[in-house]
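Novice: Heads up: the first sequence begins at 1 in this note's numbering, then just goes up one per residue.
One or more hints might be untrue.
[Stated by the list, open to error] In silico BS3-like cross-links for lysine-lysine, where the CA-CA straight-line distance does not exceed 27 angstroms:
id	residue 1	residue 2
1	494	469
2	193	92
3	364	13
4	287	92
5	398	74
6	266	74
7	159	13
8	74	92
9	296	74
10	77	159
11	266	13
12	284	296
13	77	364
14	23	266
15	159	296
16	23	13
17	364	4
18	77	404
19	77	284
20	206	74
21	404	364
22	465	494
23	74	287
24	284	266
25	193	159
26	284	23
27	193	287
28	77	206
29	296	92
30	193	77
31	23	4
32	494	398
33	266	4
34	193	206
Calculated from the structure, these hints are not laboratory results.
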Amino acid sequence: MSLKVYNTFTRTKEPFETIDPGKVRMYVCGVTVYDRCHIGHARAYVAFDVIQRYLRWRGYDVTYVRNFTDVDDKIIKRSNEAGVPVSELTDKNIVAFHEDMEAIGVARADIEPRVTDHIPQIVAMVQTILQRGHAYEAGGDVYFDVTSFPGYLQLSGRKLDDMQAGAGERAGAPDATPESPAVVPIDATEPLKRHPLDFALWKAAKPGEPAWDSPWGPGRPGWHIECSAMSSQYLGEVFDLHGGGMDLIFPHHENERAQSWAATGKEFVHTWMHNGFVNVDSEKMSKSLGNFFTIKDVIARFHPESLRYFLLTTHYRSPINFTDGAVEDAENRVEYLYETVQAARALLERTPCDSNPIETEAAKERMQLAMDDDFNSAATLALVADAGRRLNDALTMKGKGIQKAEAVATALEMLDDLGAILGLCQRDPEEVLAGIRERKLARNGLDRALIEGLVADRIAARVAKDWAKADVLRAELSGMGVVLMDGPEGTRWKVA
RNA sequence: GGCGCCAUAGCCAAGCGGUAAGGCAGAGGUCUGCAAAACCUCCACCCCCGGUUCAAAUCCGGGUGGCGCCUCCA
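Whenever a hint applies, use it, and build me the whole structure from the sequences.
Specialist: Right under this line is the structure:
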């Protein structure tokens, strides 16, 4: 059994082999901190969080680097609009990023470097690239010369000639008008470039922009160079995994690859991994369509773990369609799992018992089989469903105290093992269940005090064996979307 | 115009040559004062047409229909 990973570069699933035995060095492109994170970011970082967790479970010594890009055009624009210093804006968004990620169970990376803390390394790399003849200076800018790298566009599988042909075609796109062409001619904004695909390694500062001294005058890094510089600093010139969203394949990763090659003469990444996009109601998520959701907004309406569960229901490379209904479904599953875990823990507290190692080992092997197949979280979720069912099955076993406790302990351990990899079922059941209930009440515009009053009335009716009245109250609550569960230890209720 | 991805039950979604995981919904059942929850059972031959093979949802060719990237973007 071996781990297989899909490599964007070779377009195939390959047996995973590390450069150094037992060690994985991975770099995932982090966020540009000009705004709050959206659910697309959630998908990417949940995907790589699971990958990182699984690699560690597999016994690899993982070094995970995920950067913050804290200087770029959008940040400068946003800071000017808001009238706040760049550093204030970026600091604030980094804090927000950590809040969002913590909420959805994404662990911090081992190293989270900021671009502005690595300007000397970036300048040094640009110098090296210039010295090796793969870049040129023009008016305080430094551009990468794409024609100097024979392997350019190999990652994205394009051809230089096609790219140029495409640019002309796109300029005539339907939404273009003479006043505002769909595509700004590249030469208009960066007239000093020799080739349209050449890209800036270093940008001369315009008045009022953040700037650092350099051999080419005051300026700042271009978009792609930071990842080449920081990855090599923390992971070495060559490392195992490099990930990010599909959209980064071109130009970002293509350009990173070119720069790193130009600086070292080496292919710097062994395996390229890219996650698919989040669509909203089957359309691409975008601010102009009004279907743009931040993580913060979504987790106010749905429990953060529901979002995480939802994101794991589809393989990380496929597109996933975000709809309220899909997240609600996920939330119901999360609720089911935590109710089950809660009951199991209560039972094991009364009757402590060890699990059956033969069965838990077999379960681990099934998990490994699923996850070894390019981190197939959707297939792994089928195992979660199986563990949940086994657990409930054991919980409802009649008699046989010890036998029952062992069955419960065994199934609970299976669920725990799976949850540890997927980042599910790791929280306090009470809190999660309460969090889900509050959100469901809010979504349905229900008043908790009112419901609790009706539930109390019904309990009284049942005690008096006034079944007719009890049923009327049940119907009333049912009409509100509240379901009642009468059990030996009382009546519980929840929002459907 | 170039490059690429996808098409599996009412819905979502695994599957990567050996005879269709899982979830939701639905039907029946156990349990229950009635219910709910939970559990059990049932529920598809994989967009179309050719081809390769003993064997194809899975490979190849051709259609049809979605989508993405080529521009800031996870």
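Novice: Do the alpha carbons of residue 193 and residue 92 lie within 27 angstroms of each other, as the hint requires?
Specialist: violated, 35 angstroms
Novice: Is the hinted pair residue 284 and residue 266 satisfied, with a Cα-Cα distance of at most 27 angstroms?
Specialist: violated, 36 angstroms
Novice: If you draw a straight line from the CA of residue 193 to the CA of residue 77, is it 27 angstroms or shorter?
Specialist: holds, 23 angstroms
Novice: Residue 364 and residue 13 were given as a pair; does the straight-line alpha-carbon distance stay at or below 27 angstroms?
Specialist: Distance ~23 angstroms between residue 364 and residue 13 Cα, so the pair holds.
Novice: Could you grab the alpha-carbon distance between residue 494 and residue 398 and see if it respects the 27 angstroms cut-off?
Specialist: Roughly 26 angstroms separates the two Cα atoms, so the pair holds.
Novice: Below or equal to 27 angstroms on CA atoms is what counts here, so check residue 206 against residue 74.
Specialist: Holds - the C-alpha atoms of residue 74 and residue 206 are around 14 angstroms apart, at most 27 angstroms.
Novice: Check the hint pairing residue 296 with residue 92 against an upper bound of 27 angstroms on the C-alpha distance.
Specialist: holds, 14 angstroms
Novice: Against the 27 angstroms threshold, does the CA-CA distance of residue 23 and residue 4 hold or violate the hint?
Specialist: holds, 16 angstroms
Novice: Taken at face value, is the distance from the CA of residue 266 to the CA of residue 23 at most 27 angstroms?
Specialist: holds, 20 angstroms
Novice: Given the hint that residue 74 pairs with residue 92, does the C-alpha gap stay at or below 27 angstroms?
Specialist: holds, 15 angstroms
Novice: Hey, residue 296 versus residue 74, does the alpha-carbon distance stay inside 27 angstroms?
Specialist: Within the cut-off at roughly 21 angstroms; holds.
Novice: Between the alpha carbons of residue 193 and residue 206, is the straight-line distance 27 angstroms or under?
Specialist: holds, 18 angstroms
Going through the hint list in order, the structure does not satisfy hints 2, 5, 6, 10, 13, 15, 18, 24, 26 and 27.
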